[in-house]
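**Q** Residue numbers (the working numbering), protein chains in the order written: chain A, 15 to 515; chain B, 53 to 461; chain C, -9 to 140; chain D, 31 to 393.
FYI, nobody ran anything at the bench for these hints, they're computed from the structure.
Be aware that one or more of the hints could be misleading.
Unchecked claim - Straight-line Cα separation of at most 27 Å, DSSO-like style, residue types lysine-lysine; simulated pairs:
#1 C:Lys26 <-> B:Lys461
#2 C:Lys70 <-> B:Lys111
#3 D:Lys51 <-> D:Lys343
#4 C:Lys81 <-> B:Lys461
#5 B:Lys109 <-> C:Lys81
#6 A:Lys160 <-> A:Lys104
#7 B:Lys111 <-> C:Lys81
#8 B:Lys270 <-> B:Lys175
#9 A:Lys160 <-> D:Lys166
#10 A:Lys80 <-> C:Lys26
As the structure is a computational prediction, the values presented were derived from the model and not from experiment.
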Amino acid sequence: MGVEFIYPEFEVVRNSSRCIACRVCERQCSNGVHTYDPDGGVMLSDESKCVNCQRCVSLCPTRALKIVKSDCVPRENANWQADTIKEIYKQANSGGVLLSSMGNPKPLPVYWDRILINASQVTNPSIDPLREPMETRVFLGKKPRKIERGEDGRLRNNLTPQLELSMPVMFSAMSYGSISYNAHKSLAEAATELGIYYNTGEGGLHEDFYVYGPNTIVQVASGRFGVHADYLGAGAAIEIKMGQGAKPGIGGHLPGTKIVGDVSRTRMIPEGSDAISPAPHHDIYSIEDLRQLVYSLKEATQYKKPVIVKVAAVHNIAAIASGIARSGADIIAIDGFRGGTGAAPTRIRDNVGIPIELALAACDTRLREEGIRNDVSLVVGGSIRSASDVVKAIALGADACYIATAALLALGCHLCRTCHTGLCNWGIATQRPELVKRLNPEIGKTRLVNLMTAWRHEIKELLGGMGINSIETLRGNRLMLRGVNMTEKELEILGISHAGE
Amino acid sequence: MKTYVIIGGGVAAVGCVEGIRSVDKGARIVLIAGEGRLPYCRPLISYYLEGKTDFEKMKYRPEDFYTENSVEVVYDTAVSVDPASRTVALGGGGTVKYDAVCLATGSRPFVPPIPGLENVTRKFGFMTEEDAIALDGAIYPGCRVLIVGAGLIGLKCAEGLCGRAGSITVCDLAPRVLSSILDGTASSLMQACLEEHGVRFMLGDTAESFLPGVARMKSGVDVAFDVLVLAVGVRANVSLAKDAGCEVGRGIAVDTHMRTTVAGIYAAGDCVEAEDASGGGRRVMAIMPNAVIGGRCAGVNMAGGDGTFDSAVPMNAIGFFGLHALTAGTYEGELYEEKGERTLRRFYVKDGYLSGFMLIGAVDRAGIYTSLIRNRIPLDTVDFEALRKAPSMRGFSSEYRREHMEGWK
Amino acid sequence: MKRVTVHEEWCLGCHLCEYNCAYANSGIPDMVKALKGKRIFPRIKVEDGGTPGSVTFAVSCRHCPDPICVKSCISGALSKRGGAVTVDRSKCVGCYTCILVCPFGAISTDGDGAVLKCELCLSNGAGTPACAAGCPNGALTVEDIDIPEG
Amino acid sequence: MKREGQTRIPSGCAVTAVISKSGERMSGGSIVESMIPMHDRSNGLGGGFAAYGIYPEHRDFYALHLFYDDEGCRRECEEYLRERFEIVDAETIPTRTMREITDEPLIWRYFVFPRRSALRSLQIDDREYIVRATMKINSTINGAYVFSCGKNMGVFKAVGYPEDVGRYYRLDEYEGYLWTAHGRYPTNTPGWWGGAHPFALLDYSVVHNGEISSYDANRRFIEMFGYKCNLQTDTEVITYIIDYLLRRQGLTLTETAAVIAAPFWDTISHRPEGERETLTYLRTVFSSLLVTGPFSIILGFEGGLMALNDRLKLRSMVVGEHGDRVYIASEEAAIRKMDPGAEDIWAPAGGEPVIVRVKEGRY
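So here's chain A without its partners, still in its complex pose:
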């Protein structure tokens, strides 16, 4: 106490006139915030343990609870804001690197919100998706530069393997270990039902989930955890993870406490040992090394699987993308700096990388300038939050989007950003059996399917409004976008005009 004391961030506000002391809050809080006092017949709370995950709030049957931000803060200071001061205290207490989870919460520009979408008026008709077909199917992968004909003069299918998506959204990489078995199962089943893909992340593929292989992207990352021949063969595509938007330039660290049971078996590492993914792939120090890995993986899978290379959006992303496009990769996935993570050093998460909107526009433009845009598909992630974000991303030039945080939200995540504690009350970012079971995959799957179905409807509405009846003709159709509240430079990079132009 004393100098080490940091006032709790949240206050648990219990409306005693509503509380019926059913103790649901107590039973549901893995952080031990709530206790029952049998003497007084009332509930007590210890807010110092509260992470504001809203589990108790969501389950309280009489809405007797709310969690509010504490207003007990240091004296106001625009420069030394309360969070900054607290971080200093924490580091002075611990001497350690600050850890946090999920995406960058800082008020940096969200360009999606400065981009507006067009609609048809008078000169051409908008299309009603309830009356006319509205297509959202997408094929990801390299497209041949030239057609070929057989001796009979008929077109020969010279396409390399493609990923077929019913809509241009996929669930991006989240490893088994960082998220729970039930979370993975929800994603896998939803992807299968939706006709899209989910991504194993760097945790291997649990044996129970091989059945979802046709809708699975298996990831190969710098730790190579869980990578073996059957694993590579199990998925529909292989993703080489070079970087992650939430923490470009550094590796991953799954603490040993999460390496239990099946997680350990699936990762092929001993129980209790920390899973440390190196910052770089130690066999990839240059673009030609990447090319070798791309082709090694293709060789290992008889050229039957498209290979995705995932990179974090960093300053020189356009050139990097150009290099990847020439490395033999079929798909480039770019992860923006607002992308989520199960755990990252706070400074890195909040200060490294660039917004996905600019990275995407720069890459798409660059690949077109070089005439190689059709050699690869572009998938973007790093905080795609809605159907309109998807539409804007496609119009800027993406083939499809990766979503993860939105998917987790559908599964119940309340973005309390304490995944790294392993005590996720929603059964997502935890390996404790009693918490894992809180996510019923049947419900999880349904909610994911609902979310994607809703987005698909919205995408169709937006397309129809633009007079477009197939997502293909939205791709790179930047004329459908206008910017507001942006500088000339920003507009130039995005390749769009200002609203009113």
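Since the structure of chain A is already known, use the hints to place chains B, C and D on it.
**A** Chains B, C and D in isolation, oriented as in the chain A frame:
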């Protein structure tokens, strides 16, 4: 069209009707009800005395049950069954031919031959609605009631009369109350409860002779009374069966299909003796669930279906003034006991099975124990130690729950 | 016919079903008013090992195809109609024979003499079984099935 | 006001075509007349015609039609041409002076062939050479604009109503086996001659009625292959797509139509196996060349035409026949004007290409 005859107007008869109709919707059913009433449940008569129920509510099935199921109710008594001609002769004259007949004749009170009994004017049995109505009419404030018999019937009668009479005395030759279903400790708990409500007991003692208004007890004490209730015990009504050539012990002998030893004759209810699934051997298990289930089983088999009733277990649920005693099975084998203030839980384990239990005071979810007996569940497949402390389904395996509990996944 | 299906794998032991049951059967439109400061007598009960990770599940009447409680009821208060075993509390004399025979311990009392049991919220105005409607994890679901009459 | 090339200008339109399947050459007078009943589909800001078979005497040479803003740029351009081409003829295109047509640029035509040495050093064929030269002139020589560069064909266009433009260019004095015509209704152009239609590249000419919603997706894709969409018009990008698919990729007309107005996936799934595979392949590989939004286009090429509607048929287009003539127009009235005896007037379904070819050897 076949004709099925049911002799007796108790709940076994109702079970039998339902059993027949579950197989054969069209057959003729003749129900011979000797009491001149539609079937009702006899144990309810004490609640009638208490004012907790009335005759309308006591009807075991609503009146339209009999029309809906096309049951010909004949208010008469059967005087004989002739297996050769397959006919039943009625007391009012006439006969009914049958394809199968079910004897659901129940039981009657045993009236001991006590000298001077014939001189007692206000003496009553406590079995039927008639008995209840008569007793109800005889009771007046301040009257002194003597109940001979501290079994289920006598004590329920005592409870029913509590507060309506000046005094209630219960005597029994047995040294404790409810001696047929409880042991000493358990008996005394129940006795204490009744005593708290003003019932006086004279145990190990009984009326040896009657003088006008006075019972002279075996101990030599004279007990003055205004109203006498005889609840010494019951006897199964077996004479029809015996005369028809059926094997008869203390009750009509039946197999697990409720068949008697004579073809075409079935029996069910308090009049039969059958194998005790809790390991007590052949015995009369005159309790209501057995009557209904046995009657139904008989009906199914009479109509050509295939029914088995092999889980008959003696069991009793009895309570006085909110203190409940639930018992089942036989009290043989190793004893496990859990005691509390005014609660007692006893379990008897034999050959790895629960053979019986008695619960006083703490009776929640007792059926879980009953199922251990009825379904002959080996105790090494359950967590019996936990179950003894508190009945739960957690004490069973997950597979058991999935298999036995409807809609369990 | 509706039936509450129990998926014990997904029960969190939160006991919300008990409170929702008690509320649904209280006849009081406000949950706080219905339950605050009162002992509740739910017709569904969570069995809970009390330790994290232990098996938990909620038990309520299974509305057996051939319900022994109905056969055992001496007063005719218990009956099965349209697939649901219901209790007519005005007929029940509180003999507890049903408690003695129910193999799942799904019949209980509220100390008022007559017994209580799940009646699938058929007559309490909840519309659909409140336990399942309020279950946060799909451990209780309502299924529409054809249940043969017992 | 910004002109074509500086901003994107949507417009509504009228189109007409007539072709003689036997290759009989027809005077342009009739097609000019056909635009009169559709007068209200234009607004006087652009009209034009493409005529095939009109230069039989120069049939082996590319006929370049150019607008010049002034003599300066004409000299600059001619110098450019002389360096790269053998020029067999150079002349101004004859016009009529009329009240309805004003602000004329200098209008020239040249019959040329690329110098063999240039072709050899660049390792490309003469057609590609013509395309590159056209792109070069149009994007680098300020004030010069090539608006027609095919063999034995020519485009004639101007700011004005199409019937006036036809008379202005004296089209009744030309004879061709195929004529297409266009009347324009742009919503915000100051009126620039180069912005009028048909738009042509080599012998491909396109007249188009509609406003496509896929424009920028198509443009940004096709520009990867050396095309410069200087005009930012639908017609221009559609012409380039057609050139890319037909000439550069070697697709057939039907295959090209299956890219531009691809059948819906659901339709494809119900097609017989072989066809299904082909259609899936085309949609997958050339997905960025799908054109959505309303269009009715008539593609003219050496020896034939193809008419195509968008797959929802959001624009009108009818076809009629009489003898060896096939007529296509936005409205039936236009066909009736050309040939009151035209029969079997029918409306092609959305995405259903109508391909008419002149008998081999007759053009």
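**Q** Could you tell me which of the hints above the structure violates, numbers in ascending order?
**A** 1, 4 and 6
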